[in-house]
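Asks: Below, each chain spelled out in residue letters.
Protein chains: 2
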Amino acid sequence: MPTTTAVRELPHPAPEEIRLETVLHALSDPIRLRIATALGAHGEGDGAGAACSQVELPVSASTATHHFRVLREAGVIKQCYRGTAKISCLRRADLEARFPGLLDAVLRAAAS
Amino acid sequence: MPTTTAVRELPHPAPEEIRLETVLHALSDPIRLRIATALGAHGEGDGAGAACSQVELPVSASTATHHFRVLREAGVIKQCYRGTAKISCLRRADLEARFPGLLDAVLRAAAS
Numbered sequence: 027m028p029t030t031t032a033v034r035e036l037p038h039p040a041p042e043e044i045r046l047e048t049v050l051h052a053l054s055d056p057i058r059l060r061i062a063t064a065l066g067a068h069g070e071g072d073g074a075g076a077a078c079s080q081v082e083l084p085v086s087a088s089t090a091t092h093h094f095r096v097l098r099e100a101g102v103i104k105q106c107y108r109g110t111a112k113i114s115c116l117r118r119a120d121l122e123a124r125f126p127g128l129l130d131a132v133l134r135a136a137a138s
Numbered sequence: 027m028p029t030t031t032a033v034r035e036l037p038h039p040a041p042e043e044i045r046l047e048t049v050l051h052a053l054s055d056p057i058r059l060r061i062a063t064a065l066g067a068h069g070e071g072d073g074a075g076a077a078c079s080q081v082e083l084p085v086s087a088s089t090a091t092h093h094f095r096v097l098r099e100a101g102v103i104k105q106c107y108r109g110t111a112k113i114s115c116l117r118r119a120d121l122e123a124r125f126p127g128l129l130d131a132v133l134r135a136a137a138s
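Which chain is which? The protein sequence lines are X and R, in order.
Its first residue numbered 27, the first sequence is counted upward by one per residue in the numbering used here.
Its first residue numbered 27, the second sequence is counted upward by one per residue in the numbering used here.
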């Protein structure tokens with residue numbers, strides 16, 4: 027009997043479904059802004075990204091999970107499982123294609 | 027007996043008090059985004075700006091007033107009385123100095 031491997035895929039909006047208001051709202055929280063800034067330093071694509079636990083936040087694990095989810099559902103970050111770790115990275119290319127200059131302007135402002 | 031003229035000044039954050047999270051939150055609402063876009067077409071400075079009633083919105087006058095206030099308190103717009111009319115305009119220069127490229131990126135994204 028074949029073994030079934032459960033592939034846990036998390037829901038993400040398609041690039042064309044990413045909405046400006048939702049992205050701005052996702053980034054309007056200081057904790058989520060801090061997550062985006064931290065992930066901005068971790069690169070994008072295969073092998074890049076960071077586990078939630080690698081982003082230092084002054085909130086409980088469940089609150090952090092909530093904030094990561096808001097960012098994912100808004101289309102700001104991509105989350106996938108690598109082994110048992112949930113890895114997150116910014117959707118830089120998707121956001122840049124959809125809203126040119128926006129993410130960079132926000133990350134620059136957050137860093138200043 | 028001298029006449030006292032009541033000068034009605036509305037509270038605005040000083041440029042250095044404008045916070046990124048608050049600006050992003052103010053712009054994360056479709057009605058407020060529409061107001062910002064409309065005011066973007068009305069210029070800035072003396073004689074520029076638009077009365078609230080000049081910005082067509084699918085909400086009641088009191089709801090519109092609320093949204094203008096959120097934008098003002100966030101530092102996105104300036105509101106002043108000209109006669110009996112409350113005139114609003116974007117704080118383009120203040121926002122650009124504080125968060126370079128941000129407002130333009132948001133307005134461009136909203137227009138696309």
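Hints were generated in silico from the structure; no laboratory data involved.
These numbers were taken from a predicted model, which means no experiment stands behind them.
Be aware that a few hints might be false.
Label-pair ranges, simulated between beta-carbon atoms [claimed, not checked]: (1) Y107(X) x H68(R): 46 to 52 Å; (2) A137(X) x A119(R): 17 to 23 Å; (3) E99(R) x A87(X): 41 to 47 Å; (4) G109(R) x S88(X): 35 to 41 Å; (5) A137(R) x S79(X): 37 to 43 Å.
For every residue, glycine included, the Cβ atom is placed at its ideal position computed from N, Cα and C.
Asks: Look at the Cβ atoms of Y107(X) and H68(R) and judge whether their distance stays inside 46 to 52 Å.
Replies: holds, 49 Å
Asks: With 37 to 43 Å as the target window, see if A137(R) and S79(X) comply at their CB atoms.
Replies: At roughly 40 Å between Cβ atoms, S79(X) and A137(R) fall inside 37 to 43 Å, so the hint holds.
Asks: Given a hinted range of 35 to 41 Å, is it respected by the beta-carbon distance of G109(R) and S88(X)?
Replies: Roughly 54 Å apart at Cβ, these two residues miss the hinted range, so it is violated.
Asks: Starting from the hint 41 to 47 Å, judge whether the C-beta atoms of E99(R) and A87(X) obey it.
Replies: violated, 34 Å
Asks: Holds or violated: 17 to 23 Å for the Cβ distance of A137(X) and A119(R)?
Replies: With a Cβ separation near 21 Å, A137(X) and A119(R) satisfy 17 to 23 Å, so the hint holds.
The structure does not agree with the numbered hints 3 and 4 stated previously, though it agrees with the rest.
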